[in-house]
Each structure stands twice: as structure tokens, then as C-alpha cells.
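Asker: Protein chains in written order, with my numbering: chain Z, 1 to 422; chain E, 1 to 422.
One should not assume that every hint holds.
Identical copies go unnamed one by one, so any copy, or any two together, can satisfy a pair.
[What the hints assert, rightly or not] Quick list of in silico lysine-lysine cross-link-like pairs, DSS-like style, CA-CA up to 25 angstroms:
hint : residue 1 : residue 2
1    : 239       : 409
2    : 291       : 410
3    : 380       : 238
4    : 410       : 380
5    : 421       : 410
6    : 101       : 291
7    : 421       : 101
8    : 380       : 291
9    : 101       : 238
10   : 291       : 239
11   : 82        : 380
12   : 421       : 380
13   : 101       : 380
14   : 239       : 410
15   : 409       : 380
16   : 101       : 239
17   : 291       : 238
18   : 82        : 291
19   : 421       : 238
20   : 421       : 82
Quick caveat, the hints were computed from the structure, so don't treat them as lab data.
Letter by letter, the chains look like this.
Protein chains: 2
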Amino acid sequence: MPGQNIFYAQSGGVTSVINASAAGVIETACAHSDRIGRVYAGHDGILGALTEDLIDTSAESDATISALCHTPGGAFGSARYKLRSLEENRTEYERLIEVFKAHDIGYFFYNGGGDSADTCEKVSHLADEMGYPIQALHIPKTMDNDLPATDCSPGFGSAAKYTAVSIREASLDLASMYPTSTKVFILEVMGRTTGWTAAAGGLASASDNTGTDPNIVLFPEVVFDPERFLVQVDECVKKCGYCTIVASEGIRHTDGQFVSEAGARDVFGHTQLGGVASTLARMIHARLGYKNHYAIADYLMRSARHIASTTDVEHAYAVGRAAVEYALAGRSGVMVTIERESDDPYRWSLGSAPLADVANGERAMPRDFISSDGFHISAKARAYLTPLIAGEAYPPYIDGLPQYAQLAKKRVARRLNTSFKL
Amino acid sequence: MPGQNIFYAQSGGVTSVINASAAGVIETACAHSDRIGRVYAGHDGILGALTEDLIDTSAESDATISALCHTPGGAFGSARYKLRSLEENRTEYERLIEVFKAHDIGYFFYNGGGDSADTCEKVSHLADEMGYPIQALHIPKTMDNDLPATDCSPGFGSAAKYTAVSIREASLDLASMYPTSTKVFILEVMGRTTGWTAAAGGLASASDNTGTDPNIVLFPEVVFDPERFLVQVDECVKKCGYCTIVASEGIRHTDGQFVSEAGARDVFGHTQLGGVASTLARMIHARLGYKNHYAIADYLMRSARHIASTTDVEHAYAVGRAAVEYALAGRSGVMVTIERESDDPYRWSLGSAPLADVANGERAMPRDFISSDGFHISAKARAYLTPLIAGEAYPPYIDGLPQYAQLAKKRVARRLNTSFKL
Chain Z
1 MPGQNIFYAQ SGGVTSVINA SAAGVIETAC AHSDRIGRVY AGHDGILGAL TEDLIDTSAE
61 SDATISALCH TPGGAFGSAR YKLRSLEENR TEYERLIEVF KAHDIGYFFY NGGGDSADTC
121 EKVSHLADEM GYPIQALHIP KTMDNDLPAT DCSPGFGSAA KYTAVSIREA SLDLASMYPT
181 STKVFILEVM GRTTGWTAAA GGLASASDNT GTDPNIVLFP EVVFDPERFL VQVDECVKKC
241 GYCTIVASEG IRHTDGQFVS EAGARDVFGH TQLGGVASTL ARMIHARLGY KNHYAIADYL
301 MRSARHIAST TDVEHAYAVG RAAVEYALAG RSGVMVTIER ESDDPYRWSL GSAPLADVAN
361 GERAMPRDFI SSDGFHISAK ARAYLTPLIA GEAYPPYIDG LPQYAQLAKK RVARRLNTSF
421 KL
Chain E
1 MPGQNIFYAQ SGGVTSVINA SAAGVIETAC AHSDRIGRVY AGHDGILGAL TEDLIDTSAE
61 SDATISALCH TPGGAFGSAR YKLRSLEENR TEYERLIEVF KAHDIGYFFY NGGGDSADTC
121 EKVSHLADEM GYPIQALHIP KTMDNDLPAT DCSPGFGSAA KYTAVSIREA SLDLASMYPT
181 STKVFILEVM GRTTGWTAAA GGLASASDNT GTDPNIVLFP EVVFDPERFL VQVDECVKKC
241 GYCTIVASEG IRHTDGQFVS EAGARDVFGH TQLGGVASTL ARMIHARLGY KNHYAIADYL
301 MRSARHIAST TDVEHAYAVG RAAVEYALAG RSGVMVTIER ESDDPYRWSL GSAPLADVAN
361 GERAMPRDFI SSDGFHISAK ARAYLTPLIA GEAYPPYIDG LPQYAQLAKK RVARRLNTSF
421 KL
């Protein structure tokens, strides 16, 4: 008799390597078919569990599952859907367990950030309480790299590589043309409260940060001081002829206000940001008169599988594989972590952290990762970041375009007569 | 006795492959050292000729010249500097010829767009008139693909590939998350008056354009009708759940006004554009209420050597090589052109066009390259565009970052005692 089934769900903002984690789960479970049944993926993440909309991954070909390793986005659908607390909405948790029970699911693998670690833990507790124990394991994912308890998070290395490559290339553009054209270029990158992705842009410069591009990095961890910033830009243009800037969307003024707010809020109550680059551009033009241009990376940076880092893809696959191995070893209530053993040569292994240490936490960049003037990365940051963008894990191409996995998404037959209103 | 020297200059907005044309010139000239002297590159393009600031490319190592083939930006410096008409400022043209004479320059190779073809022609005429004949050859370059008389322009294929790859990847992001997150995504691309680069985004969709991403392409060639656009977006979201859009920065309203104008003007008197994506995003949010995100490619798309197309790199090198060959054959007053022999398999050869047919001209997309509803590309456009993005000509990487050529830029000793005020 085969073992129980795995329920796997993707959560929150997708990355260019989250599907590699899915492949790690599916291929490893398949290799242990004597002890594990099938891997059911939630259609649209946790919503698939609540609505009993499950994808049977065993219906996909081996080639398709393997192609997940080079496919960005969330192949089974991801959701920005935060379950409320047990006190506020116990029904949702009970529904999850009802669905898990109906489909003989013994393992809940949640692939996401801090919010999903919280959900993962609650499901685990309630399942015990309801007499249907489930092994709940969290698989880390976030391009923001802000998950605590792990050295880094899959998804970050590739977003970091995108940022560093993009600013290196755009800086060459400025360097070519500044005498008669644009003097200041701003690349706005995602990163709500932590500056990890912006920091990665600093890798494009020489190790002493002097006179090389990008010239300025703006981190949410450093209060934005318009006057100091403008002096820095002006000095840079006067010295080098031009100035290239990587700006995190999450930079704030002294009073805590975002430099630019779109005004809308997402379902988690977070302010939805945008427009930092245009705000800085207007400021520079008005005060210094320099012609400037800006690019906004937005979703391109978390989807850019074409420039993913090999380290990141390997991490992503490994944490998926480890979730299955931990489950087989009887473990539950933990997140798979990436542990760094050395920077250079880069060596890493897998570990684990209790979900309570991960849930809703957030890891800002350490202050000593930022140069003393607050406008660049330190040597320590450089040592940390460099191995994470290493290697080019190119996808296959046909007719000049990357070929990404296309799933059949065969649904598992429903076993419950009940529906569930989200 | 060796032959006369070549003066090579880069002009206008740089591309990710313009330096491959430089490599084509330099390596081919070197192979004919019995008949050609040295290749002097203008520091900051034509400004280098006016100020007698010439770079001796023979001082660079062979490896460095070869590395130009994978280096974006303008390695010798490019300039947005349009010489006025002969009547308005004959002094500038006379100065060019004075410098050419002083440095035994017999060949003027100008690597740029329509404006530089115009300059190239004027220099050629005046040189004859002044009794110092010069062979003037134009090497095409523009990411906009709007040069007349050539099937395509080097620089376009790679910008096109960047657009197609980026929208394919970002569309997977939307497809993963639309039930609980962003419903509309806009990628704003450069393209002042022609929609070639926006059109390239359409390659990411299936050949019948139905139900695939991107869902909408907005071309400057089609008058922007806000009402029709909003209906299209709404229908797409209702049918597919989300909508992805590639928008050219140059789209205009019925009255000819740009949908968004930054207000500033560049040195050629062109309006400097920006902010189309944010304008569309506000419109969609206000009228349809859909959560949306946008990315602005800006300089990233013309610098993205990391995702350059092999076809484009080959074209760029070939037009540089051909300029030398044409010069050796005694030709002058022409632009090297790329001639298409067949779409599939793609076959091409080199030709030439008189500078008068190129100067200040502009090639809009043919109307039959756009679908009848005006929101997508036609099969004809697809057949034209596909070979131009074919192949991945990856640069070398060290520590996760592309390694681009770093030039010594050794200057040629000045021979004139005069200075020139720009």
C-alpha cells in the first residue's frame, strides 16, 4: 500500500525559480513512491485546498516536471491569500483539514514567505488538535530575501542577478553618452521593506565602490535624506560625468512616509508602492537640472528566468527535495533552510528552523552590509551576495524565445459534496 | 607605404550590439593592413573629430577588440550631436575635414541612424568640394528599426528579443497570480514614432494571437483610442482573468498629442517621452478598477547584451566588416544595408543604399504588420520579426556578472594647434 499523498501549494509573489522547488518535491516524492502516494498541487495555491481544486501532478510527463526547473512564475497558480487567525476564522483551517482528510493527504508543503510559514504552523497545530495529524513543512521562497532563519531564500539570487546585470549594462549606456545626453539614470527595484535586491545592484561596481557604476544604491534600511542624496548625485556627475542609481521602491523619509506611495493597499494591508524612480527623477531635474532617465524593473525582475543564477536554481530545487526527505524522516513544523558554510569557495548545506521562528518575521539587511555613507554596499555584503548570483542557468530556446513548461493541470476528482465560500 | 586611416564614430542612442560593428570595422581593416592604415575612433563620436580627440584602436589588444562583439553601450563614446546644415554652420564641416586631413584620414565611417547618414553625406560632398576627397560610408544602427532602405537595423533584433522574452516571462507572473492579485500588467518600451520594438512583444504570443500573452500591443502607428482600449482590456480580463500589454512610449491621441509627454525636449528638438505606462495604469484603475503593475524598460532594453540575438550580433559585425570592404572597393556615399532573401529559413546578404535615401528618413511599420483591430501583430509581422530575435549570443561571465570590454582608449597625438568650440 502506497503512503499518504502530499499537498503542495505556492504562495505569494512568484519568483523565477519557485517551480524548481515544485520539481524538487515532485521528482523526489516520485523516487519514494513506495512510501509516498501522489503530489497534489493546489490550483491557485491555498485556494485550491479550500475549494477542493487539486492538480494531480502525476498526470504530467517527466519532461514537463523537469521543465519546471527552468520555468518562471507559479506553474500551479499562487495566491496572495492570508488565512486569518484561528480565533477569527477557524472555519478556513477546518476546511483545509477536511479536504486533506478526503484526499488522504498526510503532508502539507507550503512554498512561500513569512505569511505562509504562519499558515503552515497553524494548520499543523489544528490538525493535531482535530485528530488528523499532518506533517507540515515550509519551503522558503521570496525574491526579497527577507525570510529569517535561513542564509538566503530561493528566488532572491536570480532577482539579484537581474539587478546587477541590468545596472551594469545600463551604466555602460550612460558612460557612452553623458557628454551630450542623459546624466543620471535610476533603476527602481522591488523590495518593500528590505534592501537586499537593491544591494545586489552594488555588485556591478568595483569592490572599493569608488568611481564605478552604479554610483549610488538607496536602501529602505537607510532613511532617505533628499539633501544628502542630491549632493551625492551632483558630486558624482561633476566627478564622473554621470551618475547611475539603484533605488529600492521602499525608501522612506525621516517621518516613515514612503518617498512615493501609490496609495492603494494590497490584501495584507501593505501599502502598494510605485513611482520612486519618477519622484527621484523629478527631484533631480528640478534641483540639479540634469537630464535623466529611469527604468522600473517591477515584475520583470522576479520573472527573469532567462538570467537566473545557477546557485538560486540549485537552492530552489534542493529545498523542495529536502521537504520530502524531512517528511520521510518524520519531521514537521519546520522550514527547510539554506546554511552557508563558506563564502569563497561557496559551500552550503540544508538545515531547518521551527516555523515559529520564521512566521511573520522579516530580516532586514544588517547595517554593516551598507557602506558608512549609506549609499553603497560594504565588502561584507559583497562577500555574502556574490555566490548567490553565480552561474547562468539558461532555459532552452526555440525561435529566439525561451520555452517554458506548459502543464496539463489534470484535476483530482472531488470527494466532498460541500463547497466553500472564500 | 600603408593606406590612409579610417575615422570611425558612433552616433546617437547606443545599442547592445553597436560595438560589434566597431569590431567588424577594426578587425577587417587590420586584415587589410597593406591597404589601410589605422582605425581612429572618435572619442564621444563626432565630437572626437571636432575636438581632435581620437582613440587609436591599434593600441587595444586583439582580445579587447574581439570582446567588443559582446559589449553593450558605445565603447568609444557616442554623441547626440546633430551638425547643422552647411548653410547654417559650414565651420563644423570644415573643421571635420581639417582634422581628417591632419590625420591622413581617407575614410569616414559613421555608425548611427538617420541623422548621422545626413551628416555622412554632407561631409562627403564638402570634402569633394574642398579638394580633400573622403570615402564616407554609413554603418546602420538603431534599436528602433526605423532606418529606411535596409531590411532591418543592427540593434533592433536584440531590443526586440529583450521585449519578447520580458513580456513572456512577466505574463507567466500574471497568469500565476491574477485570481488574488494583479490583473493588468503593462510593459512600456522605447520607440518614439515607430512600433517595431513594441511589435516584437507580440512574438511571445501564439501565432493566432488569441488567448495568449501579451494580449494587447499598442503601436504609435495606430491612433490611441482610450475607449476602445479600455473595452479591450476589460474583455480580456473577463475572458482570461488578466491582461498583459506592451505599450510603445510613442502612442498618440487623435489630435497627435503623445499619451504622455515628459515636457522636456532633446537636442534634436524631439519631445522626450516617458510615463505612458503610468498614464495607462491610472486610466485602467480609475475606469475598470483592476489592480495593475507596470515596468518601464527604458535603457535596459537597448543595453541588454545579456539577451542579445545571434542574428543581430552577426548583422552588426557584418555591416562593420562590409564598410571596410566597400571602402576598399572604392565606394562612398552609401549606407551598408541588410537584404533579406528568405524568411524561413532565414537568409540574408549585404547591399547598399545611397545616403540620400537614408538621411533623415523614417520607416514606420507597414499597416499590414498590425492586426485589423490594431491591437496585435499580423502573421506577416511575425514572419518578418522571428528570424531577427533568433539565437542567444551570450557574453562570458565571471562571478555571475557579464564581463564587458574595458578599453585603454589611447589617444592619437594632436597635430593641430587649433582648438574648436562646440
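Asker: Run every hint past the structure and note whether it holds.
Answerer: Status of the hints after comparison with the structure:
no., hint, result
1, 239 to 409, "between (57 angstroms within a copy, 19 angstroms between copies)"
2, 291 to 410, "neither (54 angstroms within a copy, 29 angstroms between copies)"
3, 380 to 238, "neither (29 angstroms within a copy, 49 angstroms between copies)"
4, 410 to 380, "neither (48 angstroms within a copy, 36 angstroms between copies)"
5, 421 to 410, "within (23 angstroms within a copy, 72 angstroms between copies)"
6, 101 to 291, "neither (62 angstroms within a copy, 36 angstroms between copies)"
7, 421 to 101, "within (19 angstroms within a copy, 83 angstroms between copies)"
8, 380 to 291, "neither (34 angstroms within a copy, 39 angstroms between copies)"
9, 101 to 238, "neither (68 angstroms within a copy, 34 angstroms between copies)"
10, 291 to 239, "within (16 angstroms within a copy, 42 angstroms between copies)"
11, 82 to 380, "neither (35 angstroms within a copy, 47 angstroms between copies)"
12, 421 to 380, "neither (49 angstroms within a copy, 47 angstroms between copies)"
13, 101 to 380, "neither (48 angstroms within a copy, 54 angstroms between copies)"
14, 239 to 410, "between (61 angstroms within a copy, 21 angstroms between copies)"
15, 409 to 380, "neither (44 angstroms within a copy, 33 angstroms between copies)"
16, 101 to 239, "neither (67 angstroms within a copy, 34 angstroms between copies)"
17, 291 to 238, "within (14 angstroms within a copy, 41 angstroms between copies)"
18, 82 to 291, "between (43 angstroms within a copy, 18 angstroms between copies)"
19, 421 to 238, "between (61 angstroms within a copy, 20 angstroms between copies)"
20, 421 to 82, "within (15 angstroms within a copy, 65 angstroms between copies)"
Violated hints for the displayed structure, listed by number in ascending order: 2, 3, 4, 6, 8, 9, 11, 12, 13, 15, 16.
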